[in-house]
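Quick note on numbering: our numbering labels position 251 of the sequence shown as 251, and the sequence is numbered without any gaps.
I should point out that these hints are in silico values taken from the structure, not numbers from a laboratory.
Any given hint could be a false lead.
Mimicking SDA-like on lysine to any residue, the simulated pairs with C-alpha atoms at most 25 Å apart in a straight line are [stated by the list, open to error]:
1) 356 <-> 309
2) 89 <-> 478
3) 384 <-> 98
4) 384 <-> 101
5) 515 <-> 498
6) 466 <-> 491
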Amino acid sequence: MTYRNLADLLSVSAAAHPNRTAVVCGAQRYSYAELDAAVNRVAGLLVSRGLRTGEKVALSSPNVPQFTIAYYGVLKAGGVVVPLNVLLKDREIAYHLRDSEARAYLAFEGTPELPVGAWAKAGFDAADGCRDLFLLDTGALTWEPGERPESLAAAVAEQPPTFETVTVDLDDTAVILYTSGTTGLPKGAELRHRNMLDNALIAKDIVGADPERPDTYLSVLPLFHSFGQTMIQNGALAVGGKLVMLPRFDAGAALRAMLEHEITYFAGVPTMYWGLLNALDETVDVARLAARLRVAVAGGSALPVEIHREFLRRFGVTILEGYGLSETSPVASFARFGEEPRVGSIGVPIPGVEMKLIDNDWSEVKDVPGEIGEIAIKGHNVMKGYYRRPDDTSWAIRDGWFRTGDLARKDEDGFYFIVDRSKDMIIRGGFNVYPREIEEVLLQHPAVSLVAVIGVPHPSHGEEIKAFVVPAVGATTTEAELVAWARQEIAAYKYPRVVEFVNALPMTATGKILKRELS
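Make the full structure from the sequences, and use the hints.
Following this line, the structure appears as structure tokens:
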């Protein structure tokens, strides 16, 4: 099959299976033909408003059909999708729009949990250079008094349901995913059409997906994240599967959806599996649920052995673990489907991908079982680079190899096991959080003189964010006050829940804070 564009994942399936159900979300239901038509209208609208091939369109939306419609609409029009976390605050959104040079912004309506809408209202008048701003129409728009932004539904009403997909070079950028990476502020990983296409096609193959007997996928992983995009959205549509969307993860609602829609494919971060197991009670028909479930996939952070074993005991399904990053589209390694699991392993490299362990100087460590090194990845999945950051790109990629910052070991059969992260990245509930960004925000508080942020173990989130604060001279504040302030300034998954006041922070002779001595 020759693809012209990442959007062909949908176009090909729509042509082959027009009457199959593609997406379900509450009362909303789209067949493949209906979904393709909705995507075509968005593509036609963007082109009619002046979008040129290669221009960026930012997208803020939870897991609702409008995300998929906008995502593929931008791609069909030849644009580049810049998915943004829906929990970002005004300052953070403005940074991402400026940094990505977004030409337009498609934003979900605002709620207390999804604050982007309120900013989109202000941004409709002057959105940092975004000349066009549309709002994904949820059917229940609520805004403060004043001119209301144009809803996407109204804007596409006159557009035809057909559109000739823009043919691109498959090495052109399709998606820019923002990641904290290993240094500094979030930066955009440029993923080619080829990166995303190959990763999605392999993602369906490594779990034995069958187009003649397509799976029903529960979409609870955020679609703005590479894991949800590739393993769920793109992988499902590539094989003609059904996407059942939940706008936000709730364990009870997820279990009910799994029963109602007879879910056969579930993917989640470890905290989601923890939630499902803890939500099981006598009202849940576990036997009926387990009889339908075919595949369970975990990623984002290490899966505790206890969760792995308990899920197998209750559901009769082995959780398949994989590994990847935004920079690798994301899947780089995966468990071998149908084989006995190696609990704690992230599997082996997927087809077309190589992995090796290196030291700080890029030299490969001895290929001896148990030897520890930093994972480096090479293959069709590795990004083009960081958008407008040549220095960061040259640091991270050498001769096609991408260094991940994750330390691992390999057993005698070539299975990899994560040991630790070489940098300070915190993974809270599957979301990457970089301490420096949080520290810079906390230092803006008048009562904070010095701060160090680390991750500490948490039973359900994997890690929790903890800030060690040296108070400013003469200033007074409390833990509760500082946490509440940070909550207003930083996205919900980032702000520290724990603050400890200290007189000083441990440092080296050169003044570098010794975070390893904090706990």
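Against the structure, the hints:
Straight-line distance between C-alpha atoms of residue 356 and residue 309 comes to about 29 Å, which puts the hinted pair past the 25 Å bound. Between residue 89 and residue 478 the CA atoms are separated by roughly 23 Å; this keeps the pair inside 25 Å, and the hint holds. About 20 Å separates the Cα atoms of residue 384 and residue 98, which keeps this hinted pair within 25 Å; it holds. In summary, the hint linking residue 384 to residue 101 is supported, as the alpha carbons are separated by about 17 Å, within the 25 Å threshold.
Proposed proximity of residue 515 and residue 498 is supported: the alpha carbons are some 16 Å apart, at most 25 Å. Restraint check: the Cα-Cα separation between residue 466 and residue 491 comes to about 15 Å, which is no more than 25 Å; the hinted pair holds.
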